[in-house]
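> Sequence:
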Amino acid sequence: MKHKTLFLMLTAALMLSACGAIPGGEPAGAQDQPAVKTEAAATAISQPQPSAAPPSPADPSTGKPGSPCGNGVCNGPENAQNCPADCSSSASTPLGNPAGAPGGASQAGETAYAVTNPTSGASLYVATFFPASWDGQTQLPALVLVPGGSGNSGGFLKQNPAGQSTVSTITDAGMVAIVFDPDGRGQSTGAEDYNG
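Going by this note's numbering, the final residue of the sequence shown carries number 1109, and the count climbs one at a time with no gaps.
Simulated from the structure, these hints should not be mistaken for laboratory data. In this text, a Cβ means the ideal position worked out from N, Cα and C, and glycines have one as well. Treat each hint with caution, since some may be false.
Stated by the list, open to error - Label pairs and their computed distance ranges (CB to CB): (1) Y1107 <-> A1075: 28 to 34 Å; (2) A1025 <-> Q1072: 19 to 25 Å; (3) A1025 <-> A1086: 29 to 35 Å; (4) P1074 <-> T1029: 32 to 38 Å; (5) G983 <-> T1051: 44 to 50 Å; (6) G1097 <-> Q1072: 23 to 29 Å; (7) G1022 <-> V1057: 16 to 22 Å; (8) G983 <-> D1048: 45 to 51 Å; (9) A1025 <-> D1048: 18 to 24 Å; (10) G1099 <-> G1022: 16 to 22 Å; (11) Y1026 <-> G1076: 41 to 47 Å; (12) N984 <-> A1075: 46 to 52 Å; (13) D1048 <-> Q1100: 26 to 32 Å.
Please construct the entire structure, taking both the sequences and the accompanying hints into account.
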């Protein structure tokens, strides 16, 4: 037991000495570097730099790293900047009305439509609920309700202990409520992604 403790203490001391954590100890290679570090150098070291190319995840068929760019699927770290072949600008643009969404002014009540998930290709059920008193023109604050666990949008439409649904509580307060079913749940297509 004494030998293991001594070994661990020596290993820790050597590592701290190499990193410069022991007073008077210099990090490895410190004699080749200037003694004073500038604020810009410290900032450059502490902030990660963005990568121009997406990381190469493991190929599911081989388990070996490989570039996913060019496989026809825009997912994970791929985006329109680092993989335009897979991520067209229309699939990655969050502005404007989604395909199938109502254009221009909407009416009070519920509007349901489908949005394609650019990562999985699944057709996602989306429903937007407007206050009954809404004039169809006035801009309103909106809340996007995200179902937790393995739930779907139906949980927000059920009566809560206060006697009304979550969606009704929000629209009665003069806000828009937006609900959706994730991949493979409720009225959405695709497969459930248990890894998030």
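> For every hint, state whether the structure bears it out.
Results for each hint:
{"no.": "1", "hint": "Y1107 <-> A1075: 28 to 34 Å", "in the structure": "holds (32 Å)"}
{"no.": "2", "hint": "A1025 <-> Q1072: 19 to 25 Å", "in the structure": "holds (20 Å)"}
{"no.": "3", "hint": "A1025 <-> A1086: 29 to 35 Å", "in the structure": "violated (21 Å)"}
{"no.": "4", "hint": "P1074 <-> T1029: 32 to 38 Å", "in the structure": "holds (36 Å)"}
{"no.": "5", "hint": "G983 <-> T1051: 44 to 50 Å", "in the structure": "holds (46 Å)"}
{"no.": "6", "hint": "G1097 <-> Q1072: 23 to 29 Å", "in the structure": "holds (26 Å)"}
{"no.": "7", "hint": "G1022 <-> V1057: 16 to 22 Å", "in the structure": "holds (18 Å)"}
{"no.": "8", "hint": "G983 <-> D1048: 45 to 51 Å", "in the structure": "holds (49 Å)"}
{"no.": "9", "hint": "A1025 <-> D1048: 18 to 24 Å", "in the structure": "holds (21 Å)"}
{"no.": "10", "hint": "G1099 <-> G1022: 16 to 22 Å", "in the structure": "holds (20 Å)"}
{"no.": "11", "hint": "Y1026 <-> G1076: 41 to 47 Å", "in the structure": "violated (29 Å)"}
{"no.": "12", "hint": "N984 <-> A1075: 46 to 52 Å", "in the structure": "holds (48 Å)"}
{"no.": "13", "hint": "D1048 <-> Q1100: 26 to 32 Å", "in the structure": "holds (29 Å)"}
Violated hints for the displayed structure, listed by number in ascending order: 3, 11.
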